[in-house]
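Protein chains: 4
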Amino acid sequence: MNTFGRTYRIHIFGESHGPLVGITIDGCPPGLPLTEDDFMADLERRKAGAVGTTPRKEDDLPEIVTGCFNGFTTGAPLTIQFANKNVRSGDYSNLIKTPRPGHSDFVAYKRFEGFNDHRGGGHFSGRLTLALVAAGVVAKKLISPVAIQARLIQAGGNPNIEEAVKNALEAGDSVGGLVECKANNIPLGWGEPLFDSVESVIAHLAFAVPAIKGIEFGSGFAAAGMKGSQHNDPILDDSGKTASNNAGGITGGLTNGNELIFRVAVKPTSSISVKQSTFSLESGKVEELEVKGRHDACIALRVPVVIEAITAIALADLKMHMQARII
Amino acid sequence: MNTFGRTYRIHIFGESHGPLVGITIDGCPPGLPLTEDDFMADLERRKAGAVGTTPRKEDDLPEIVTGCFNGFTTGAPLTIQFANKNVRSGDYSNLIKTPRPGHSDFVAYKRFEGFNDHRGGGHFSGRLTLALVAAGVVAKKLISPVAIQARLIQAGGNPNIEEAVKNALEAGDSVGGLVECKANNIPLGWGEPLFDSVESVIAHLAFAVPAIKGIEFGSGFAAAGMKGSQHNDPILDDSGKTASNNAGGITGGLTNGNELIFRVAVKPTSSISVKQSTFSLESGKVEELEVKGRHDACIALRVPVVIEAITAIALADLKMHMQARII
Amino acid sequence: MNTFGRTYRIHIFGESHGPLVGITIDGCPPGLPLTEDDFMADLERRKAGAVGTTPRKEDDLPEIVTGCFNGFTTGAPLTIQFANKNVRSGDYSNLIKTPRPGHSDFVAYKRFEGFNDHRGGGHFSGRLTLALVAAGVVAKKLISPVAIQARLIQAGGNPNIEEAVKNALEAGDSVGGLVECKANNIPLGWGEPLFDSVESVIAHLAFAVPAIKGIEFGSGFAAAGMKGSQHNDPILDDSGKTASNNAGGITGGLTNGNELIFRVAVKPTSSISVKQSTFSLESGKVEELEVKGRHDACIALRVPVVIEAITAIALADLKMHMQARII
Amino acid sequence: MNTFGRTYRIHIFGESHGPLVGITIDGCPPGLPLTEDDFMADLERRKAGAVGTTPRKEDDLPEIVTGCFNGFTTGAPLTIQFANKNVRSGDYSNLIKTPRPGHSDFVAYKRFEGFNDHRGGGHFSGRLTLALVAAGVVAKKLISPVAIQARLIQAGGNPNIEEAVKNALEAGDSVGGLVECKANNIPLGWGEPLFDSVESVIAHLAFAVPAIKGIEFGSGFAAAGMKGSQHNDPILDDSGKTASNNAGGITGGLTNGNELIFRVAVKPTSSISVKQSTFSLESGKVEELEVKGRHDACIALRVPVVIEAITAIALADLKMHMQARII
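Residue numbers (the working numbering), protein chains in the order written: chain A, 1 to 327; chain B, 1001 to 1327; chain C, 2001 to 2327; chain D, 3001 to 3327.
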């Protein structure tokens, strides 16, 4: 399904090498000030260009094509699109003969019976995160004054990020990374028990981001090794403030008035120059594969702004859904 | 929202100390053989009774009240209910004066403006997982021959589980645990890119289970420290079998024909006998709290069958949703 | 799908001759006063007993089994159930050999491959409207001070209702009817353009009620024969009040501040004593059929309270959904 | 909500005088042959140009911007867009001072707090039906060999359609119309009891089409005046064929193997040249209004292809949803 959300609902579409990628946001209230400029700061953070990121450079210029009028949202579906300009148009074969290990090439070909648009990963491409970032910008406005900040805290297993990336680049290899996200000023009580727990909604969206393979809230996996007497966060006052924050700001699935904190594990970019072996759909045998062109040595560098976006989207939806339930 | 799923849809309801907990399954095909007996093995695994689990013993007898006829599902909504028999009925106060740290007591009271049924955690109670286990039993039938097995692989941070639990019990404390789940015989291609990735759907449901604070697929958090040349799983043949399984059986959000493998972190039970401090809603001051009665010293002992259930529910939904999309 | 609604969401379940019929309401806010007594007036109106209605008399006693505590809704899923007490238990055959014309017997048997619970119509039974009436009672509270009133304005094609019913009864036959529903005090602006137009949502629910075969809003079918200069309702003031009400209180899919008015056509009860012919699934030939027992000679007599209920459900959902979309 | 459908899901967006209107279809299987040419015949039928329709002529050229590759659907979200070329760009005022009777002008202004794009009706415009027609073209392919045909059978209350339109044109007035839709070759058993009855789903979509104010299936409103012995359709054979078709091809909410037949009432176009009075938002008084420009004298002329489209969309969704529910 290309939709996420109950009330702040997003519908994503597009392919890496087709005409465009885009997103329609349904449920945005009327009267929110919004222009293309509002997207630029976050889009810039996601953009290729830093050391360790792919040299393919798109303009990544957002176009608001529906739902805005005279600089304000109208309350009608809000659509933002990004033209794909920098596209290599030669290749119209439907077949990737040598599917790249770690990529969607093979499963997409099998699942969609060879009809998938495989160029640049098609609908599976990381380029779709452009649309998530755009939806995140709108969501951030809706949940103001909630402040969200994500950053890369490790690459290749240690905090010396520049060095890890440089080493990977030189080796024609790639490295994974760890991204931490914190959000403040969230009122107590957003989220629902069970299926709409804050963890459920954020995790659902986080795993929609290519390359994410793990998520943990508060103490997370460390909690599995703790005692209750260590892990329980003593409540200090009527606002719900706690002395420690092992819960990561979420109790019983609801925000508890403390800082929301979680981390996601980003696997290393699958595209590497190092020689690999794979099964050839053409020859029916295992063959050597050398992926040409340059790619992100550390895709995790571009992930923080995407994680901020999905956090904002999740919170906007939970906030608006809760608003509905007032007598 | 009390609903999960696109096609195999479950609706959960009930409270720990109300008349019952239950679940309605919508989308179950007609003709599936089903009787109350089919639920007993999994319910038994979830049940209290082992060392380290709560001594509250319910019969936990499932009643199929709608959607079955003459031993087969009818295709109409299938409802399974569990009466709450072992309920302490005295307490009808709406106020938990001293909300327990780590519990939903405080946030539930604030969010639902004091109208929540707080008794035994109410709708936030782990007792609701009974309903998930029931829906899991039906789902397991629907995805046969997929075989799912989850088990507790660590408690308190190490594999010596019995000892960790015993120590916690003696100290009036509790310990967290790590549960690993594996599923085999899943065809290649279940799931969707982006919002219905296998990781997204499983994670969404996993975080609906009280006490889960982290999830990782395949190499998971370790992947954040790996290089691409280590993490990429070489494809060996036309079935998609790979030489390693760092992806945990999921590529591009879709099952890739290999074993599905993931782990969840279970925090230690919040209810402990050890003295704690908390904010009293009555006095408006921080007070000492001593939780009476005995509780699960290691709730993680009861989690594996719940994790199997949510895995089956997720896979049943993805399987059925995919079936719909055939010309 | 057994669910209706975006925000005020209802999940229906049950069969005519199974243990129970019920409904779970998700999205009801906490703090709404609610007891079983609140349902009795509307249930009484739906109940069998009047001249022309079936002599099967159930107690139709509602049980609130989840989501209420100390006389108030808690904000958790609210489930109301009705035990089926007056059930003839002898017949456990899966086969209706001579499917009744106009009934679901034949299509249900074919669609559900013979696994459907055919007894008393099973999940297709009009008895399921009990659950709708219950959900309507809660919805009416949520949209107060909106006042809804539906009544039967014709039976058998003319307003002399008692006589038409009496004649049908004497002939062992049945008659259809016309029900008109009016709702007042609805604020301007509920509903959405396109898929959530007020007409769309009400019509969707109205056709979920067995026996409804037509619906029209305002001038309805008469509008097809009118000129624009006749049909357009002149706006009189800033509240949106119009001089005429051909639109039935809905413009552009939204409530326009005037009385909401619509009519539904109720077909005559299918069960009649008059001899009919049908295809026998046993003999494979057309045979004569005589339906025994007594049935509703005019099911339309019991429909008004159901139509009020679905109107309230539709309006509650639209109201709450709109509330969500406020900055 | 801008979404309709469970499995064949459509998301609509756009405004009459913005850059474009469009639709994203989620759930379309891979491998369906599809090019822009496939849309032309149905778009032509909807297009302005015939006597009695508006002289605004758009090219109405569809662009498939996502979800197609090399002439086949890929299984990814399928987006079709229509640029708005013939747009009068001068007017950027947010205020319609004299809201037209029968139009959405007034309610849209009030509901969306003046932020709505009022130009040409904005998101409320009949131009949005372009997107429905496009989604209908794809749906028709998916349900082949089901054959759907809708036609205008009355205008202004009688079958002499040309004359009624001519008279209205000459008077600067407009007329309503009656559209009948028939669909053949539908297998028995599509649809669900209750909320997904065929009537519910078709009616929901029909009332999303501007100007529709009534719908009836089979004998429809006439059934309200009939006896059961007249209305019941005798079953003739094992395929479900019936001797009469008062049910309009639907029993118990499911298709019954006979021709699906229903009618919709189309109100007269609201825009007329005849003088009318309305409340002026500027002066705060009732004023005379003369709508300039020419409009559709009988919008019903353009409705049949839209009704075919929504019927195909409804049936595609029900078909695919049923396919999901097979063991």
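These are calculated hints, taken from the structure and not from any lab test. It is possible that some hints are incorrect.
As the list claims (entries may be wrong) - Dumping the calculated DSBU-like pairs for lysine-lysine here, alpha-carbon to alpha-carbon at most 30 Å:
#1 A:K241 / B:K1097
#2 C:K2241 / D:K3241
#3 C:K2097 / D:K3241
#4 A:K275 / B:K1241
#5 B:K1285 / A:K241
#6 A:K241 / B:K1241
#7 B:K1241 / A:K182
#8 D:K3097 / D:K3085
#9 C:K2241 / D:K3097
#10 D:K3047 / C:K2285
#11 C:K2285 / D:K3241
#12 C:K2292 / D:K3182
#13 A:K47 / B:K1285
#14 C:K2182 / D:K3285
#15 A:K292 / B:K1292
#16 A:K97 / B:K1241
#17 D:K3275 / C:K2241
#18 D:K3097 / C:K2275
#19 A:K85 / D:K3182
#20 B:K1241 / A:K285
#21 A:K292 / A:K97
If you draw a straight line from the CA of B:K1285 to the CA of A:K241, is it 30 Å or shorter? Given pair B:K1285, A:K241 holds - Cα atoms ~13 Å apart, limit 30 Å.
For a C-alpha distance cap of 30 Å, please report whether D:K3047 and C:K2285 respect it. 50 Å, violated
Take the C-alpha atoms of A:K241 and B:K1097, compute the straight-line distance between them, and say whether it is at most 30 Å. Since the Cα atoms of A:K241 and B:K1097 sit roughly 17 Å apart, the hinted pair holds (cutoff 30 Å).
For the pair we were handed, D:K3097 and D:K3085, check the Cα-Cα distance against 30 Å. At roughly 26 Å apart (the allowed maximum being 30 Å), D:K3085 and D:K3097 satisfy the hint.
Could you grab the alpha-carbon distance between A:K85 and D:K3182 and see if it respects the 30 Å cut-off? Not OK: A:K85 and D:K3182 at ~46 Å, beyond 30 Å, violated.
Given hint B:K1241 paired with A:K97 - CA-CA distance at most 30 Å: 17 Å, holds
Just to be careful, I want the Cα atoms of C:K2241 and D:K3097 compared with a cutoff of 30 Å; is the pair within it? 17 Å, holds
Pair hint outcome, A:K275 versus B:K1241 [Cα-Cα no greater than 30 Å]: Status holds; Cα separation ~19 Å.
30 Å limit on alpha-carbon distance, applied to hinted pair C:K2285 and D:K3241: Holds, at about 13 Å.
Sort out whether A:K97 lies within 30 Å of A:K292, counting only the CA atoms. Given that 30 Å is the threshold and the Cα spacing comes to 15 Å, the pair holds.
Straight-line Cα separation of D:K3275 and C:K2241 no greater than 30 Å? Judged against 30 Å, a Cα distance of about 19 Å means the pair holds.
Is the straight-line distance between the alpha-carbon of A:K241 and that of B:K1241 30 Å or less? 50 Å, violated
In the structure shown, a violation is registered for the earlier hints numbered 2, 6, 7, 10, 12, 13, 15, 18, 19, in ascending order.
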